[in-house]
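S.K.: Residue-level listing of the chains:
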Amino acid sequence: MEKQLALQMRGITKRFGPVVANDHVDLDVYEGEILAILGENGCGKTTLMNMISGIYFPDEGKIFVDGHEVVIRSPKDAFQHGIGMIHQHFKLVDLFTAAENIVLGVKEEGRYNLKAINAKVAQIAEKYGFHIDPQKKIYDMSVSEKQTVEIIKVLYRGADILILDEPTAVLTPQEIDKLFQVLRRMKADGKSIIIITHKLNEVLAVSDRVAILRKGEHIATVNTAETNEAQLTEMMVGKKVDLNIDRELPRSPAPRLVVEGLNLDDSEGLHVLRDISFTANGGEILGIAGIAGSGQRELLESIAGLQPLKSGKIIFHNPKKDKPVTFFHKSMKRVKELGAQGAFHDRQGKPVSFDGMATGAVRKWVESGDVLFKEDEIIDLRDKTPLQIRELGVRLSFVPEDRLGMGLVGSMGITDNMMLRSYRKGHAGFLDRKKPRALADEIIHELEVVTPGVNTPVRRLSGGNVQKVLVGREIAFAPKVLMAAYPVRGLDINSSYTIYHLLNKQKENGVAVIFVGEDLDVLLALCDRILVINSGSITGLVDARTVTKEEIGLLMTRTDYARKEDA
Amino acid sequence: MSLHHASEVREPLMHLSKRSAIHPAKAWAIRLAAIVLGLAVCGLVAFLLIEKIQEKPEKIWDFYNAFIKGSFSTSRKFWKFLKNLAILLGIALALTPAFRMRFWNTGAEGQTLMGVLGAIAVDFYWGEALPEPLLLALMLLAALLCGGIWALIPALCKAKWNTNETLFTLMMNYVATFVVSYFLVIWVPNGSSSLPKMKTGKLPSVGGNDYLLIILVVLILTVGLYIYLNYSKHGYEINVVGESVRTAQYVGINVRKVIIRTMLLSGMLCGLTGYLIAAGLDQTVTTNSVGGQGFTAIMVSWLGKFNPLAMIVTSGLIQLLNQGAAQISQDFNVSGALPDVITGIILFFIIGSEFFINYQIHFRGGKHAVQAGGEAVK
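These protein sequence lines are chains A and B, in that order. Going left to right, the first sequence walks through residues 1 to 567 as our numbering numbers them. Going left to right, the second sequence walks through residues 1001 to 1378 as our numbering numbers them.
Rather than coming from a laboratory, the hints here were simulated on the basis of the structure. Wrong hints could be hidden among the right ones.
[As the list claims (entries may be wrong)] Residues from chain B shown here face chain A by an in silico Cβ test under 8 Å; the list is partial: (1) Y1231; (2) S1232; (3) R1246; (4) T1247; (5) Q1249; (6) G1252.
[What the hints assert, rightly or not] In silico lysine-lysine, DSSO-like type, Cα no more than 27 Å apart, as pairs: (7) B:K1056 to A:K384; (8) A:K435 to B:K1233; (9) B:K1158 to A:K384; (10) A:K434 to A:K384; (11) A:K310 to B:K1233; (12) A:K434 to B:K1233; (13) B:K1069 to B:K1056; (14) B:K1018 to A:K425; (15) A:K320 to A:K336; (16) A:K364 to A:K310; (17) A:K330 to B:K1257; (18) B:K1257 to A:K310; (19) A:K384 to B:K1160; (20) A:K76 to B:K1018; (21) A:K62 to A:K115; (22) B:K1018 to A:K384.
C-beta: ideal position from N, C-alpha, C; glycine also.
Here chain B stands alone, though its shape is the one from the complex (with noise of 0.2 Å):
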C-alpha cells in the first residue's frame, strides 16, 4: 500500500495489519498493559464520583485495596470466592466444548437452570420417600436430564434445519425462566412464588466445610474436561469440525453426529453445575437461581480461549472484580450501580486488549511498512 510513485497519494495516517503470529509473553505483556489501564481509568472514575475521596484523595488506595480485601480479608470471604468461582466455572467449561466446535451456545443460563429445576423437583416429590443417598443421586440424574435436554433441542434443529444455534439457545432462556416460574405456581400454593428450602436433598460437607465438595468437583471436571479435549478422539473431532466442516466432510467425520453428542455433553455438564447450586448451596429455585452466570460465563470462556485450565485464571478474575466492587459499595457507601461500571471498565479493557493482540497498528512514515499484498485494512 505504500509503495506507489505517485505523489499525490498520500499513505493514510495510521492503518492496521492482522499479526500473523505473537509471541506469548508479549501477548501478556499487552493484557497486562491493559488491566493496569483500566484499574487507572477506574481510579479516575472514581475520583469524579465518589466525595470521599476527592475529599482527601489519598484514600484512592483504600479504593484500590478494595479488590483484594473483597476476596481475600477474611476466611469467609476466601471460601465464598473460591465457591464462586466454582460455580462460574463450572458453567464455563459446560460451554467450551460447544464454543470449540464453533457453535455458540448462549443458552447456559437456561441449561443451568433446568438443571436446577429438574433436582429440586425431584427433591419436591421424592424427597421425603427416598433415603438420601438415592435421593442425591436421582437429583443428580434429573439435573443432567433436563440440561441435555435443553441443549439438544437446538442441536437437533441445527443439525436438521441449520438453524442460527446462537438465537435458538437464547431464546431457550426465557423458555426456561417461564418454566420454572411455571412450576413455582404449582408448588407454593400461597400464591408468593417463593418455594422454601428443601430439607432433604443437601450435598454433605467435607472437611466441615459446606463449599469444599462443589469446588473439588468442579476442580476434577476441569481437569476432566482438558483432557478430553486435548487427548480424546471426541475432542479432536471437535476441533476439527469447529475449525473446518468441510476438512470434517473430506475426512469422514460425521458432523451432524458430532454436533448433537457435542451439545448434548455441553448441555449436560450446565445440568451439573445446576445440581451443584441446587443440591450444594441454594436447596430451592427461583427464575434467578443462575443470577446471570450463563453469560458471563461466555467471556470466561472466551477470556481462557476455550482452554479450561486457562478458564481458573478468567473465572477468577472476573469474580476478584465482581467481589471487589461489592467492596467498594461498602467501604465508600455508594450505590449499587458504582461497582457495576468498575467492573465494566476493566473488563472492556480486558476483552478490547485482544485488538491489540491481534492486530498491529501502524503510523504513517513508521518502519514497519506493510509488504505488498499484507492484508492491510485503512
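So here's chain A without its partners, still in its complex pose (with noise of 0.2 Å):
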C-alpha cells in the first residue's frame, strides 16, 4: 500500500488483575482511511482506543506516531500526537456554550478571543460540513449536536486521528447517514478514523479496512470491500466452543410468565423497548441475547416492577390448578369473593361455595387444606411496585446485572442481605435476624462462598462470591419465575458452572428461568430457547439446540433484520 502510515501499535497487552483486556494487540492506522474496530462487547475494543488517547496505559507494548515511538500517558499527550477521542458519552459542560466547549483547556498565545474562537469553529464547520451555532449552549442542544460539538473540539484541537467510541449508538437513521459523510469529508482531507461499532451494516457502509477483536485478541484486519456479514460475524463470535453443560429436554413446560407488546419509553421519550412479546414456560431457560443496552436491563426491571411501562400486559400463571387455597396472600375477603365467582373446588372435585357461611367456618374449611383452585391464577404485574407483586404471592426472583448497586447492600454482612427480600415478615418492629442467619450458613455451606465471617460487608468478598450469595438468596425463596442478568459476569469458570448447575436446578423444579447473556457459547449450551433482541425490539426466537452461533450473531447485529416475524 502506498499511504502513510499514521498509527502503529506493536503488543500492545493491558490487564486488570488477572483479566487480560487486550492480549498482545498489533494494530495498523494509515492516513485518509476509516478503520472500523468491530467485537463483542468486553472484547476489548474501548480498552484499546483509551491507551492510545491516554486514559490508561499499555502494561506491555509500543505505540508509533508517524513513524516515531511515542510515549502516552494523558489525554493531553495524545493531543500532542494528534489523537484525539470521541467518546460514548460526552464530556462536556451544559452551561458553556459550544464555543466555549471547545476552547475549554486548551493554552494559546495571546488574549482570550470568543470572537476568534467562534469564527475558527465556523471555519471548522465549514470544511467538514458540519451544522453548528457556536454560541447554543450545550444545555439546548440535542444529542447529535453535542456529538458535533464532542467533534469539532478535537479537530480544533489539530486532531489527525480521530477515534470514535460507538458514534451511532445515540443517533437516529438521518443523523448516522450526515456523521458518515463528515467521516467521509475528513478522509478525504487526508485524517485517520478509527471508529469502535458492532453495527455490521455500519461497518459495511463506511469504513475502508475492518479489526476484528475477540476476547482481547486482534482476529485479524481485512478490507471491507472483500469482506460480507456472514464473514465478519463468523470472525466476530468464533467457532462455537462446546461447553459442556447437562442440559435436559423441559419437562412439560407450560406458560408460566406472557409478556404481550411492551413499550417503555425512557425519561427523555426516547424508545427502549418496542413491542415485546414472548412467553417464558416453566421448566425451560429462555435465553435472552443482544448487544449489551439494546434493552435487556429495562425488560427485566419492567417485569420487577422497577419501570413505569407505556403500554403492554405482563400476566402471571400462577400454578394454584389443585393446590390448596391459604391465607398466606390472600384476605378473608378475597377468598370469599373468589369463592363467589366459583374458582375453588373440594378434594372430590364438587364446585366449593360458601354461600351462608360464617366467617370462622369459612376459615376453618380452608384452613382444613380442602379448598382447592379450579384453574391456574392469572395476575396482571403491570403497573404493581415490587412489594405488591410480592404481597400477591408471585413468586418472582431476579438476579440484576448490578450486584452490589441493586441486588446487594455491599457494606451489610451476608446475614443482613439474606433479609433484604424477608425482612418485613411479622408484625414486630424489629428484626429476627435467625431465619436469615441460617440462610446465611446454608448458602456459604452449599455453594462454598468463601468469606472471612457472616458478617463481613459483602463488597469485600471477590466477584464469583457476591454472585453465589445473590443468586443463593433469590433461589432460597422457591420462585416460580427466575430471571438472572448476566449472572456469570466476570466469575471464574468455576463460579460460574456453579451458577449454572443452580440455573438447570431450577429449570428441573419447574421454575421459569429467564437468562440474559452476552457469551454466545453460554446461551447455546444451557438455555433451551433464545430470544435475540436489538436496539429495543425482538429480532429472532430460535430453537438453542439447532440455531448457530453466526445466525445468532446477525440476528443481534443487523438492524435492518429488526421487527421480521417471530422464528
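Using the hints, build the complex out of the two chains.
M.R.: Put into C-alpha cells, the structure is as follows:
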C-alpha cells in the first residue's frame, strides 16, 4: 500500500487484575482511511482505544505515531501527537456554549478572544460540513449536536487521528447518514478515523478496513470491500466452543410468564423497548441474547415492577390448579369473593360455595386444606410495585446485572443481605436475624462461599462469591420465575459452573428461568430457547439446540433485521 | 502503574491508593497519633503566641494540663462538662438517622431552635394558667412538633421535587432565627428583645442536681437510638436507602416514605433537645439559644461514624477541647480567639487522620507496588 502509516501498535497488552483486556494487539492505521474496530461486548475495543488516547497506560507494547515511538500518559500527551477521542458518553459542560466547550483547556497564545474562536469553529464546521451554532448552550442541544461539538473539539486541537467510540448508538438513521458524510470528508482531508462499533451494516457502509477483536485478541484486519456480513460475524463470534453444560429436555413446559406488546420509553421519551411479546415457560430456560444496552436490563426491570410501562401486559400464571387455598397472600374478603366466582373446588372435585357460611367456618374449611383452586391463577403484574407483586403471592426472583448496586447492599454482611427480601415478615417492629442467619450459613456451606464471616461486608468478597450470595438468596425463596441478568459476568470457570448448575436445578423444579447472557457459547449450551433482542425490539426467537452462533450474531447486529416475524 | 517497560516512564514520587480494609486497632493508632501530633502543634503555637510560656518554657505543661483542668478540676466543672456533652450529643443523635440515610441534614441548629421556641411559646402563653406537669407535657409536645415540622418541610420537597437537602436545611436555620426574632419583638414590648426567664415550666431536679435529668434523658436516647438503628425494621430500611436507593427500590422499599419518616424523626429529636434546653436550662429563648451546636453536632456524628455509642466519645472529646480552651484563656490571660485556634488545630488533625485511615501512601521504590488495576490516584 502506498498510503502513509499514521499509527502503529505493537504488542499492546493491558491487564486488569487477572483479566487480560488486550493481549498483544498489533494494529496499523493509515492516513486518510476509516478503520472500523469490530467486536462483541467486553472484547477490549474501548480499552485498546483508551490506551491510544491516554486514559489507560499499556502494561506492555509500543505505540508509534508517524513512525516514531511515543509515550502517551494522558489525554494531553495524546493531543500533542494529534490523537483525539470522542467518547460514547459526552464530556461537555452543560452551561457553556459550544465554542466555550471547544476551547476549554486549550492553551493558546494571546488573549481569550471569543470572536476569533467562534470564527475558527465556524470555519472548521464549514470545511467538513457540520451544522453548528458556536454560541448555543449545550443544554439546548440535541444528542447529535452535542456529538458534533465533541468532534469539533477534537479537530480544533489539531487532531489527525480521530477515535469515535460507538458514535451511532445514540443517533437516528438520518443523523447517522450525516455523520458518515462528515467522516468521509475528513478522510478525504487526510485524517485517520477509527470507529468502534458492533453494527455490521455500518461497518460495511463507511469503513475502508475492519479490524476484528475477540476476547482481547486481534483476530484479523480485512479490507471492507473484500468481506461480507457472514465472514465478519464468524470472525467476531468465533468457532463454537463445547462447554459441557448438562441440558435436559424441558418437562411438560407450560406458560408461566406471558409478556404482550410491551412498550417502554426512557425519561427523555426515547423508545427503549418496542412491542416486546414472548412467553416464558415453566421448566425451561429462556435465553435473551443481544448487544449490551439493547433493552435487556429495562425488560427485566419492567417485569420486576421497576419501570413505568407505556403500554403492554405482563401476565403471570400462578400454578395453583388443584393446590389448596391459603391465607398467606389473600385476605378473607378476597377468598370469599373468589369463592363466589366459583374459583374453588374440593378434593372430590365438587364446586365450593361459601354461601351463608360464617367467617369462622370459612376459615376453618380453608385452613383444613380441602379447598382447592380450580384453575391456575392469572395475575397481571403491570403497574405493580415490587412489594405489591410479592404481596400477591407471585414468587418472582430477580438477579440484577448490578449486583452490589442493586441486588445487594455492599456495606452489609451476608446475614443482613439475606433479609432484604424477607425482613418485613411478622408484625413486630424489630428484626428477626435468626432465620436469615441460618440461611446465610446454609448458602455459605452449600455454594462454598469464601468469606471471613457472615458479617463481613459483601463488597469485600470476590465477584464470584458476591454472585453466589445473590443467586443463593433469590433461589432460597422457591421462585416460580427466576430472572438472571449476566449472572456469570466476571466469574471464574468454577463459579460459573456453580451458577449454571443452580439455574438447571431451578429448571428441573419447574421454574421459568429467564437468562440474559452475553457469551453466545453459554447461551447455546444452557438455554432451551433464545430470544434475540436488538435496539429494544425482538429480532428472533430461536431453538437453542439447533441454531448456530452466526445466526444469532446476525440477529443481534443487523439493524435492518429488526421487526421481522418471530421464529 | 509501576509495571511499564519503557525506561523513560518514571513512577511518580508518591501516589495514593484506597485501602480495602483496615484493622480497627491500626485505625485507632492512626487517630491517636493524629491527636498527639495535633497537641504538639498546639504547644508550638502556644509557645509562639503566649508570652508567659516564652518566659518560662516549663509552663507548657500547665498549658496541656488545662485541657484536663477545664473539665475535671471541680465538681461544678465536671457537671457542666456532662451537661454540655449531653446537649451536644442530643443534637448529634437527632442528626444520625438522617445521616445514615445519606440525607445531609445541616439544619439541626434551626430545628433545635424551633424546639426551644415551641416550648417557650407554650410557657409564655399558658405558663400561669396550667398546672406544672401538664404545662411541661404541652411544652414537650410543642417542641417535638416545631422541630419535626422544620425538618419535614425540606424532606417533603426532597421527596417530591428532589431538591438539594443540604442547602434547603441550611437555609431553614436562618428562617428559624428570624422567626425567633419576630416573636421576641412581640413578646418583649420594651424593645430590648431580651425575654426574661420564665418562672414556670422548669424540669424538676433529680437527686438535687439540675443537670442529672437531662443527662439521663440523653443517655436513654443514645441507647434507644442505637437499638432503633441496628435492630428495628425502620433502622434497616434507613441503612438500605442510605447505601443504595436502587437496591431499596428493587426490594420494594418505599423510598419517599422512608425519607419523610426519618426526617420527621430527626427533626423531632432536635425538638426534644430544644425542649431540654428550654425547660431544663435556659427558661427563655434567644436567637442564640442553640449557639452553633447544631453545626458542631454534624462533626460529632461524622467522627462517631454515625454510631450513637461512639458519639458519646466524640461529643465528649469536643466538649473537653471547648472547656480546656476556655481554661487556657483564663489561666494565661489570653484573648478569646486563641482557644478557638487551638480547638481548630486539634480538630483539623482528627478529621485529617480519617484520610490516612481510608487511603494508603506509596512512595517511589517502596515495597508496596500497586497491583495492576488497583485504584491508584496520582
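S.K.: Each hint: holds or not?
M.R.: A quick look at each hint next to the structure:
Interface hint at Y1231 (chain B): satisfied, since its Cβ lies 5 Å from the closest Cβ of chain A, which is below the 8 Å cut-off. Checking S1232 (chain B) against chain A by beta carbon gives a least distance of about 5 Å; that is within 8 Å, so the hint holds. Contact between R1246 (chain B) and chain A, as hinted, is supported at the beta carbon level, the nearest pair being about 5 Å apart and thus within 8 Å. Among the interface hints, the one on T1247 (chain B) holds; its C-beta lies about 5 Å from the nearest C-beta in chain A, closer than the 8 Å criterion.
The interface hint given for Q1249 (chain B) is met, as the beta carbon of that residue sits about 6 Å from the closest beta carbon of chain A, less than 8 Å. Taken as an interface hint, G1252 (chain B) checks out: its beta carbon lies about 3 Å from the nearest beta carbon of chain A, inside 8 Å. Straight-line distance between C-alpha atoms of K1056 (chain B) and K384 (chain A) comes to about 77 Å, which puts the hinted pair past the 27 Å bound. Between K435 (chain A) and K1233 (chain B) the alpha-carbon distance is near 15 Å, which keeps this suggested pair within the 27 Å criterion.
At roughly 24 Å between alpha-carbon atoms, K1158 (chain B) and K384 (chain A) fall within 27 Å of each other, so this suggested pair holds. Only pairs whose Cα atoms come within 27 Å are accepted, and K434 (chain A) paired with K384 (chain A) is rejected, the gap being roughly 30 Å. Restraint check for K310 (chain A) and K1233 (chain B): the C-alpha separation of about 34 Å exceeds 27 Å, so the hint is violated. In summary, the hint linking K434 (chain A) to K1233 (chain B) is supported, as the alpha carbons are separated by about 14 Å, within the 27 Å threshold.
A distance of roughly 20 Å separates the Cα atoms of K1069 (chain B) and K1056 (chain B); the hinted pair therefore holds under the 27 Å criterion. In summary, the hint linking K1018 (chain B) to K425 (chain A) is not supported, as the alpha carbons are separated by about 38 Å, beyond the 27 Å threshold. A distance of roughly 17 Å separates the Cα atoms of K320 (chain A) and K336 (chain A); the hinted pair therefore holds under the 27 Å criterion. As the CA atoms of K364 (chain A) and K310 (chain A) are separated by approximately 44 Å, the hinted pair breaks the 27 Å bound.
The suggested pairing of K330 (chain A) with K1257 (chain B) holds, with an alpha-carbon distance near 25 Å, which does not exceed 27 Å. Proximity of K1257 (chain B) to K310 (chain A) is assessed by CA-CA distance (about 25 Å); at most 27 Å being required, the pair is judged to hold. For the hint linking K384 (chain A) to K1160 (chain B), the alpha-carbon distance of about 20 Å falls within 27 Å, and the restraint holds. About 26 Å separates the Cα atoms of K76 (chain A) and K1018 (chain B), which keeps this hinted pair within 27 Å; it holds.
Restraint check for K62 (chain A) and K115 (chain A): not satisfied, since their Cα atoms lie roughly 41 Å apart, outside the 27 Å limit. For a cut-off of 27 Å, the pair hint linking K1018 (chain B) to K384 (chain A) is broken: about 41 Å separates their Cα positions.
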